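**Q** For what it's worth, my numbering labels the leading residue of the first sequence as 1, then goes sequentially.
Hints in this document: simulated from the structure, not taken from any laboratory.
Remember, predicted model here, so these are calculated numbers, not experimental data.
Mixed in with the good hints there might be a few duds.
As the list claims (entries may be wrong) - Here are the computed lysine-lysine pairs in the PhoX-like style, where the Cα-Cα straight-line distance is at most 25 Å:
1) K197 / K175
2) K170 / K126
3) K222 / K65
4) K102 / K126
5) K175 / K232
6) K102 / K175
7) K253 / K175
8) K175 / K126
9) K102 / K170
10) K126 / K6
11) K253 / K170
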Amino acid sequence: MAGSIKAVRGTRDLLPPDTETWNFVESAVRDVFRVYNFQEIRTPILEDLQLFQRSVGEETDIVSKEMFAWEDRARAQSEKGQWLALRPENTAGVVRAYIEHKLWERPGLQRFYYIGPQFRRERPQKGRYRQFYQIGAEVIGPSAAGSESPSVDAEVLEMLATLLDRLGIKGWALKLNSVGCANDRPIYLQALRDALKDVVGSMCVDCQRRAQTNPLRVLDCKVPEDQPIIEKLPRMNDYLDESCRAHFAEVQKLLTGVGVPFEIDHRLVRGLDYYTRTAFEFTHGALGAQNAILGGGRYDGLSESLGGPAAPGIGFAIGEDRLVMTLQESAGVAAKPADVYIAPLGAGMNVHAAQLARELRRKNVVVILGDESFKLKKSLETASKVGARFALIVGENEVNSGQFALKNLGTGEQVSVMRNELPAAIRPIG
RNA sequence: GUGGGUAUAGUUCAGUGGCAGAACGCCAGACUGUGGCUCUGGAUGUCGUGGGUUCGACCCCCACUACCCACCCCA
């Protein structure tokens, strides 16, 4: 098919039966989030570019190198166009909506979840696409409503553990860290820079660059030779101020109390500027290099940096593509079979078949409709190929007698059934 | 942005400087209203795109593009 139009780089079509898995994931997500009292929010895919510059951070790779952004046409000749961007993540949009609609006026904490496409202009590889899907949730609100409480952090993490268990995902690991706050992080960063000054010369070239641009990322380095050096660098944990220390300790205590296993990873850092205090990641082995299945953390200053009131919050984003991938590693997808294939037999039978299909479908029977031009042999062959459980023959004999030939395609057994008993015969249960 | 690999039928892949292949799938038939198994037949390809070498290129050379994997980064 040379010259034909194909899906653009980094995007893909999700086809049946894979979409069954996606729907399975999404309905489990909605069920689980519901009992934790999260409600769905839908924000635009298109946002003002500044939203991401001011939240995710202008120096991050996501904003500086990976954003799909362009200048919209100006409305008047004297004006400049507005810069728009496809959202690279969804937390900024949710917080923007929180501010725009003054949601702090609503009682209690705002608890939102979202499912939707995000866009980053990266080079695609396994588990990484330019259009990818995130499932996320945010808890946000005034401090007086309890938004800063460590119990919210623990609740969110416990919910995630429940979700992964519910989905049947085995072998996940929760990594936890505290990345500090506006008060103590600058002190830590300075200590880290000072320590790096002496050793960075013997580290990998990437670390030498990171030491300049984003020293925290040095902790993320995977080069074996650098590991002994990194182990000796100062740890954020030793620089947390009193309130951050107590907060982090309480989160751990609660997690232990509810029986969610976790491991402290002093080197866990997040890629977005807005994260504070609790930072976490769930990983899974079956994902290749992209082993982070979800990540998140607290963002206590984000609302203010977007011009809103103080509104501490915590949230996460699940990489839905990666989640589906791990699910397909373990369990195969089973497409749901149709209940019955209706085989009209001979001229004039389509209308009778259509009437029957209408009746059955109104009783929730899943019907595939054949065509009167097909030979019966072909109809039955098609019926079994597409996985229908029964074939219903609609020919002159049946229409005249009111007794319909119903064939069980699994057993080969064929019975004659009165029209009004067909739904029960096809779907004995329910 | 960097490195490596790949590109041939719907799919997974063989293949040779001289007629384009297999398996699976798809379509049709094996006497009239009975599928799965079997048998027979059939269709489908600008051999990724553009250039070059050659009497002749799917094959050799160059460029481009796309995809895959890894780095970077992140979900």
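**Q** Are the hints correct? Go through all of them and say.
**A** So, going through the hints one by one against the coordinates:
1. K197 / K175: Distance of about 28 Å is beyond 25 Å: violated.
2. K170 / K126: Distance ~20 Å between K170 and K126 Cα, so the pair holds.
3. K222 / K65: holds, 22 Å
4. K102 / K126: violated, 40 Å
5. K175 / K232: Given pair K175, K232 holds - Cα atoms ~20 Å apart, limit 25 Å.
6. K102 / K175: Violated: K102 and K175 sit about 34 Å apart, past 25 Å.
7. K253 / K175: holds, 15 Å
8. K175 / K126: Distance of about 22 Å is within 25 Å: holds.
9. K102 / K170: violated, 41 Å
10. K126 / K6: Roughly 19 Å between the alpha carbons, so the hint for K126 and K6 holds.
11. K253 / K170: holds, 24 Å
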